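Visitor: Now for the letters of each chain:
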Amino acid sequence: MAHDTGVRDVAIAGIGATPYYKRGETAGKSITQLAGEAILAACADAGVSVKDVDGLAFYSLARAGYGEQMEAGELVETLGIRELKFSAALTGGGGGSAGAIGLARAAIVAGDASVVVTVMALQQRTRLGTVVASKAVTPVSSFVQPSGLAGPGHLMSLLTRRHMHVYGTTRDAFAEIAISTRQNAVTRPKARYREPLTREQYFSARMIADPLCLYDFCLESEGAVAIVTTSLEQARDLRQPPVPVVAAAHGGTREWGRAFSWFGMPDDETFASSGNKPIARRLYERAGITAQDIDVALIYDHFTPMVLMQLEDYGFCEKGEGGPFVLSGAIRYTPERKPGNIAVNTHGGQLSEAYVIGATHILEGVEQMRGTAVNQVAGAELALVTGGPSAIPNSGLILGRDR
Amino acid sequence: MNAPTLATALPAEAVKITTDPSTEPFWLAARERRLVAPRCADCGQFRLPPSPFCPDCQSTAVDWTELSGRATVYTFTVVHGFPGLPDITLVPAVVDLPDAPGARLVTNVVGSDPADVSIGTELTVDFHPISDGWLLPVFRVTGQPAPGPAAQEQA
Numbered sequence: 505m506a507h508d509t510g511v512r513d514v515a516i517a518g519i520g521a522t523p524y525y526k527r528g529e530t531a532g533k534s535i536t537q538l539a540g541e542a543i544l545a546a547c548a549d550a551g552v553s554v555k556d557v558d559g560l561a562f563y564s565l566a567r568a569g570y571g572e573q574m575e576a577g578e579l580v581e582t583l584g585i586r587e588l589k590f591s592a593a594l595t596g597g598g599g600g601s602a603g604a605i606g607l608a609r610a611a612i613v614a615g616d617a618s619v620v621v622t623v624m625a626l627q628q629r630t631r632l633g634t635v636v637a638s639k640a641v642t643p644v645s646s647f648v649q650p651s652g653l654a655g656p657g658h659l660m661s662l663l664t665r666r667h668m669h670v671y672g673t674t675r676d677a678f679a680e681i682a683i684s685t686r687q688n689a690v691t692r693p694k695a696r697y698r699e700p701l702t703r704e705q706y707f708s709a710r711m712i713a714d715p716l717c718l719y720d721f722c723l724e725s726e727g728a729v730a731i732v733t734t735s736l737e738q739a740r741d742l743r744q745p746p747v748p749v750v751a752a753a754h755g756g757t758r759e760w761g762r763a764f765s766w767f768g769m770p771d772d773e774t775f776a777s778s779g780n781k782p783i784a785r786r787l788y789e790r791a792g793i794t795a796q797d798i799d800v801a802l803i804y805d806h807f808t809p810m811v812l813m814q815l816e817d818y819g820f821c822e823k824g825e826g827g828p829f830v831l832s833g834a835i836r837y838t839p840e841r842k843p844g845n846i847a848v849n850t851h852g853g854q855l856s857e858a859y860v861i862g863a864t865h866i867l868e869g870v871e872q873m874r875g876t877a878v879n880q881v882a883g884a885e886l887a888l889v890t891g892g893p894s895a896i897p898n899s900g901l902i903l904g905r906d907r
Numbered sequence: 140m141n142a143p144t145l146a147t148a149l150p151a152e153a154v155k156i157t158t159d160p161s162t163e164p165f166w167l168a169a170r171e172r173r174l175v176a177p178r179c180a181d182c183g184q185f186r187l188p189p190s191p192f193c194p195d196c197q198s199t200a201v202d203w204t205e206l207s208g209r210a211t212v213y214t215f216t217v218v219h220g221f222p223g224l225p226d227i228t229l230v231p232a233v234v235d236l237p238d239a240p241g242a243r244l245v246t247n248v249v250g251s252d253p254a255d256v257s258i259g260t261e262l263t264v265d266f267h268p269i270s271d272g273w274l275l276p277v278f279r280v281t282g283q284p285a286p287g288p289a290a291q292e293q294a
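These protein sequences, in sequence, are chains A and B. When you number the first sequence by my numbering, it's gap-free, plus one each residue, and the end is 907. When you number the second sequence by my numbering, it's gap-free, plus one each residue, and the end is 294.
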């Protein structure tokens, strides 16, 4: 039994998603349609009418991915939402995914809104893999774009090489993350990739931004995910068992703030990291727990090495020990939790199930806490969900079971 | 085909920059083939990219300091292909600047077999033409002669 002392004042009451598609497959639908399908599914799951939704808590500036925009007014109009009382977004990008639930909490705890939806809809009309190269240049990006670092993976390959240099991390560790995540997707009906990935396939894949190869990159998928958050009290009267928010945090320090795409982090420990350590510290303080109390970890996996660096930043192993830690088999899913191990991305993550900018991790955290996950960790009582590493804010979320 | 593919920079027409008052002196100097970095005129701290405030003391006063052009590879990646340029080989790198401690530049190592670049490799600045008449600071492995204009055109 986990004895957290977390906030537990709001809870996730409903979750919903569209099917997950490959890049280009949703071209016949609008962003509003995709987002609306997910919102309706989440409301049905919660047992609330969409007309009673009164808050929207977005992240990534309410962008649908990084190019297009989700429009609150369009959603209100077409879904028949009666009155919107809160509509806000975390700044930054995918780093805010988990933190958006904290934004929903802020609205509810402040008394501004009572049924708050977080939604992400992704279409890749702008290909995310090379989004850096496709953006209009600014005075600040003039110091990055000319180098040909075309996308987020290219940027993070720089952090990765430094981690390998300083700590002796090898590509075997990244392969283990790709392979173990794929293994979790094998049993997932909605996963885009369900065939096991072999070491041979991994090591013969083309390099995209050396040391990152094809399988170190997440999928180029499309789809939408929505989450309904209410007060814990209200959630207890709804259709699903409430999944209380134990702690939520977002932000980042100066060292990381001027780091990502500026690369000025002052020391190796910060440079070769996920920038999530300050988030981890605040989450655990708020929850009154340590990493050892977490039963399942849904780690933002846009690139395999960033999973490894988050495992370090969130305290599942010592700094620099991420390689040996994952190679010991410690992140493999087993139905019974093993001491010292932590099941990671039991849903197949963004590497193998679908990439919807972090939102699928929140869904899996909720299913694990309800006890209904496909790859359920038996008796799991605390789930960690992370957002980022990205331009700040990065974020994290600890979900629990109602007691 | 047996000769190693040398890393290059993006072709001039593929690279655009824009400037603002904080960054323009950097680019004006580069156009004169000089590498400069902003140093806080109050506390002496270097910073890159150029920004409006000193992150240490919040001063807006800047001394633009001319650097030696030496650099060291802090980290790098090897990229094969760029949107619209499937055959290009790039070595984007983050470099430390020994005479601007605390400031790093995101740049390219050019003119080398990527296999000859590693963390700690000593570099020397060169300048690569980009759009609108600007020059982009890039780096060569120290001791490697800069190619003539013909080779630069190929890049």
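None of these hints come from the bench; they were simulated from the model. Just so you know, these numbers come straight off a predicted model, no measurement behind them. Ideal placement from N, C-alpha and C gives every residue a C-beta, glycine not left out. Fair warning: there could be bad hints in the mix.
Pulled from the structure, derived: some chain B residues nowhere near chain A, Cβ distances all over 12 angstroms [stated by the list, open to error]: (1) A142; (2) R173; (3) L224.
Short derived list, chain B residues pointing at chain A, Cβ under 10 angstroms [stated by the list, open to error]: (4) L145; (5) G183; (6) P194; (7) P231; (8) V277; (9) V280; (10) T281.
Visitor: Taking the hints in turn, state whether each one holds.
Guide: For each hint, the structure was consulted:
Even its closest Cβ contact with chain A, about 19 angstroms, leaves A142/B beyond 12 angstroms, as expected for a residue assigned away from the interface. Look at R173/B: its CB is around 17 angstroms from the nearest CB on chain A, clear of 12 angstroms, so calling it non-interface holds up. Look at L224/B: its CB is around 9 angstroms from the nearest CB on chain A, not clear of 12 angstroms, so calling it non-interface is violated. Because the beta carbon of L145/B sits about 14 angstroms from the nearest beta carbon in chain A, more than 10 angstroms, this interface hint is broken.
Interface restraint check: G183/B against chain A, minimum CB-CB distance 16 angstroms, threshold 10 angstroms, status violated. Because the smallest distance between the Cβ of P194/B and any Cβ of chain A comes to about 7 angstroms, under 10 angstroms, the interface hint for this residue holds. Using the Cβ-Cβ criterion of 10 angstroms, the hint placing P231/B at the interface with chain A is satisfied: the shortest such distance is roughly 4 angstroms. Residue-level restraint check for V277/B holds (minimum Cβ-Cβ distance to chain A is 9 angstroms; threshold 10 angstroms).
Here the hint on V280/B is broken, as its CB sits about 16 angstroms from the closest CB of chain A, past 10 angstroms. Annotation: interface hint on T281/B violated; nearest CB of chain A at approximately 19 angstroms, more than 10 angstroms.
Checked against the numbered hints given earlier, this structure breaks hints 3, 4, 5, 9, 10; the rest are met.
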